[in-house]
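Novice: Next come the chains, spelled out residue by residue.
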Amino acid sequence: MVENFAILPCNGLDKCAGVISREIAIKLCENGKNEIICPVYYRVAETKYNKIAGEHALLVIDGCHNRCASKLAAEKKLKISRKITVTEEAKTHHIELKRNLRLLENEHALIESILNGLNNVDNTIVLTLEETNFVFEFVYETYQSGKFLFRIPKNQEVYFNENDCWAWVIGNRARIGVTDFVQQNLSDILYFTPPGIGAEIDQFGEAGEIESSKSVFELISPVSGKVISINETLIQKPELINENPYELGWVAEIELTDSESDKELLIGFDQYFEIMKKKVEELNG
Amino acid sequence: MSETTFMGVERDKIDWKPTIDYTKCDYCMECVKFCPHKVFEVRESEVIKLIVRNANNCVVFCRACSKICGPDALSFPDKNATTQRIKEIRREESNG
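Chains L and C, in that order, are what the protein sequence lines are.
For the first sequence, my numbering gives the first residue as 1, with consecutive numbering after it.
For the second sequence, my numbering gives the first residue as 1001, with consecutive numbering after it.
The reader is advised that the hints may include incorrect statements.
[As the list claims (entries may be wrong)] With a cut-off of at most 27 angstroms between alpha-carbon atoms, the simulated BS3-like pairs for lysine-lysine come out as follows: (1) K1013/C x K277/L; (2) K76/L x K214/L; (3) K79/L x K263/L; (4) K1024/C x K278/L.
[What the hints assert, rightly or not] Per the computed footprint, the stretches of chain L lying under chain C, defined by three or more beta-carbons under 8 angstroms from a beta-carbon of chain C, are: (5) 100-113; (6) 198-205; (7) 214-221.
Keep in mind the hints are simulated off the structure, nothing from the lab.
Every residue gets a Cβ at the ideal spot worked out from N, C-alpha and C, and that includes glycine.
Excised from the complex, chain L in its bound form:
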């Protein structure tokens, strides 16, 4: 890893994934540069660990989808620089986790794979739509509900799915993101997991995740194609999605493979605006 990290592992001792989290944290600290934040001791030694967190980038290792370590980071208002979830990594590496609490061959193999992954830095350079001189000038319609303001772009080139994600389609490329409905519902966004550059995504396939202390939102891609660029700024500043999920908080750019077919299942501003207003009313009702 390039950076020196403060590592906040799940450390759940009654689950295999927790034990693996702990082991990964220990191994990462063997280089003498990274530091562990013990989630249990953090409860009584806040000053010590706040100092460590303040001096390092923070790596959170969640064991499972309970996200106890992420939730602790949110509670302590720590900014997460990087995050992994052991059960998700196990799926990626086709390793089945069982109920054993002692680390066996299977678990050690997973730990090695995760450590290798953490050490690999993707330096892929791609051309973004901005660099190809496309200009994104969003024109909005707004909808106010109580203290919440929803801005929805009404440009003709912007398409939506009913899962509250948008795509600005230009030729055979598109920029995608989430709408104000998503960011208002999630509240303060704490972490962004981008889709992999080069990944082939089906329409309605997963194109990254956005996480707040309340929930995790899987971005459901409005279009199919290959990820050619991600909004790297969001990795350090995921809160930009709250600030503006369009110009600033866009998620990725896609090279489209079947744009015309995708449009069969997309809607324009008029339809989406009505659907979103209904959703807001239902949530408030």
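Once you have looked at the hints, place chain C on chain L.
Specialist: Relative to chain L, chain C alone:
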């Protein structure tokens, strides 16, 4: 909370709902607390304490409950197959 259609197709015709793996579920009920659409139902006095009660309330392509399920006990149908099926239904209905 339920939508009656998704992309113009009656919700009832789209097979999209969570399936609970009872060998993994530990009845923590995080999914019940999480889902605003009341897809799940708690049955405290039964042996099986959690069921999918309102499948049609489940937002098509949403898998958010599986993302917060600690024991990884929730699964969903294949997205691509579901997409293709929705397109087929739309074509059938526009031709019919």
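Novice: If a hint holds in the structure, say so; if it does not, say that too.
Specialist: Evaluation of the provided hints:
1. K1013/C x K277/L: Holds: K1013/C and K277/L sit about 25 angstroms apart, inside 27 angstroms.
2. K76/L x K214/L: holds, 15 angstroms
3. K79/L x K263/L: violated, 38 angstroms
4. K1024/C x K278/L: Status violated; Cα separation ~36 angstroms.
5. 100-113: That given contact is violated, which follows from only 0 residues of the region 100-113 of chain L lying within Cβ reach (below 8 angstroms) of chain C.
6. 198-205: holds (count 4)
7. 214-221: holds (count 5)
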